[in-house]
Structures are given as C-alpha cells and as structure tokens.
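**Student:** Sequence:
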Amino acid sequence: MSRNLFKYIRTFILLASSGVFGLAGSANAGDVRDNIEDRGYLRCGVVQTSKFPVKDMGEDLCRGLALALFPDPKAVKLVSLTQRAAGQELAVGRVDVVALANRTSLSHQGGHVNAGSLFVNSLDIAILFKGYKVRDLSGKKICSLDWVDKTELAIFGQKHQVSFGVLSYKTEDELLQAVKSHGCRAVALPRVEQAIFLKKVSGIFPTPFILSSISSSNNLGMLVSSDDEEWKAIVRLYTGALLESERRGIHSQNVDYIASSTVNPDLQKLLGVKGSFGEDLGLDNNWFYRVLQSYGNYEEIYMRHFNNGDIMLERGPNQLTTKGGVLTVDGLR
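Residues 44 to 376 (this note's numbering) are what the sequence shown spells out, left to right.
Just so you know, not all the hints are guaranteed correct.
Stated by the list, open to error - Think about it this way: if two alpha-carbon atoms lie no more than 25 Å apart in a straight line, the pair counts; the simulated DSS-like pairs of lysine-lysine are: (1) Lys183 - Lys193; (2) Lys202 - Lys173; (3) Lys193 - Lys243.
To be verified - Using C-beta positions, here's what the derived DEER-type ranges look like: (4) Asn307 - Thr250: 41 to 49 Å; (5) Gly83 - Glu322: 36 to 44 Å; (6) Thr364 - Ala118: 28 to 36 Å.
If you're looking for bench data, these hints aren't it; they were derived computationally from the structure. C-beta atoms are modelled at their ideal positions from N, C-alpha and C, and glycine is treated no differently.
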C-alpha cells in the first residue's frame, strides 16, 4: 500500500468515527505523524521547571511515545521549553507534543489541546502543627508563594467555613524562613512543590496534616495540535494504554509472561498478540508491548519519579478513578 493511500484511509477512518466529514478540509489529519516519519524521530517538548520530578517524568513519557512510533529507542529529541514559549513552539510545529504541561497556564493557548491528563498537581494545604485541624486555621495565617493561584484557597475556606489570612512570599527561601520562625500555621503549595518543601522542614514539623484541593486547572497532560485528529488520537491511545495496563495489572516485570500465556482477548489485543490495537492509526501490533517492556505502566512511571529517595509523594488524585483518583481509564479501542 502506498504511503499516500494509507494516509487517505487513516484520515477517512478518523473522520468517519468522529462524524466530522463536513470539516474534512480543516481537519488536516495525519500531517504531524507524516512529518515525524519523514524526519525519523519525535520532537517532544518538556517544560523546564526547578521541580525535577515533573520534568523527569515528562521526559520518560516522551521516550515512551517515541518508542510507540519507532522500534528505535533513540528516535526522540527532547526539546527544553520555557512555560512562556511552550504554546507557541507547539502552535508553529517546532515540537510535535509537549509532555506534562498545563494548557491553561501557557501564554499561547490557541491551536492545541490536552490529549491525555497524566498528572494532577493539585493545591495541598499542609497544617504544620501537630494536633491542629482545619477549624484551628480560623483567624490564623496560611503562607504561600506569589505565583500560586489563590483561588483554590478561597474555595477551601468556603468549603470548610473558616476564615484565615494569606501571607505570600516572593521566594521559597523567604517562605522557608517564615515557616522556621513559626510564622505560619499552614503552607499552601501545589502537591509536588509541597512535598519537596515539607522535606526541608521535616525536622521541625515531622507530621503535618495535609489536605488536597483538586481542580481541573492543575491537570498536566500531553498537549498536541488540535487541528490534527490522527495525531491527537495516537497520543490519546498512548496515554490511555498506560493507565489501562495498570488497571489490568500488567507491568514491565510480568508483560512477557502474560503475553505468552493469556487467553484473554482484551489482553492479547493490548499486547499485540492478536488483533490490531492501533492499526487504524498506523501503529504496529507490538507498539505498546515495547513501551511496557522499557518504561512500564503508569504506576511504574509514577513511582520511579515520585516515590524514591528524593521525594515521597502519595498517589492521591493521581490514582485511577477505579481507586478513588481522577485519572480516567476509557478501556481499549
């Protein structure tokens, strides 16, 4: 089958399944994937942040996506982006995807969409003093940083019917000094930043009481062009398979055994033993098998970056919905 004919068939299937034949002229399906194939590697943007676990997890997700597209594990170029530049670089096609970015915080928000949320960096309120509960915050001070959105703090106060003041600092060092001098009853930071910060004051406040506030504005996902239906579907399938394999209990250590022994048709499909998982999107049958072998399922990726010697961050909202979290598993295609 010629390359152009295969692209036409893929586009036809995508538009038919989404019911957008009337918009076929603007769907531009397949261009991103074709550009990736022509150059021979994926260009994956990673937003630079001082919070290394998010950046490192994003890089792993980039490498896994590249391995889904090519058998060559080196077929990926990681592109470091600032938060300000990420949206623009994606919009003009200098990167194919941006890993673990917050769509709502990009300066250039047009022309791209979150194809799969894989991390919720929700606001955590850590009550520092032992024995203190939410009601004890009434009339007290909660400390934070200037760049943290305070909207969720207001919602938190309304929900628990407590009134408190907020002290906001420019730098983490200033916040650290305020906490060490016992000038704050609680600290409000996104959960990754909170976990790293609390480790620094663990000698003074070893058992903080932590409450989470979950907001969709804190979703970090795989951002892609909203104009390319095929590429959006590929990235969505990749993120969904990472979550689905966790739900099914398939990971890097047992994938070989399950692939060789299972008679479950869904698992055979997921692992490429039978069926055509992703074939309509131009993926080979073994694409996800390769990803699992090298990088593992979502749980393995999460634990590698957020449950190690440097940081210990419970899954919390980053559990599957089947376990009380917010990460949605849609099942197999």
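**Student:** For each hint, tell me whether it holds in the structure or not.
**Tutor:** Taking the hints in turn, this is what the structure says about them:
{"no.": "1", "hint": "Lys183 - Lys193", "verdict": "holds (16 Å)"}
{"no.": "2", "hint": "Lys202 - Lys173", "verdict": "holds (22 Å)"}
{"no.": "3", "hint": "Lys193 - Lys243", "verdict": "holds (23 Å)"}
{"no.": "4", "hint": "Asn307 - Thr250: 41 to 49 Å", "verdict": "holds (44 Å)"}
{"no.": "5", "hint": "Gly83 - Glu322: 36 to 44 Å", "verdict": "violated (21 Å)"}
{"no.": "6", "hint": "Thr364 - Ala118: 28 to 36 Å", "verdict": "holds (33 Å)"}
In this structure, only the earlier hint numbered 5 is contradicted, and the remaining ones agree with it.
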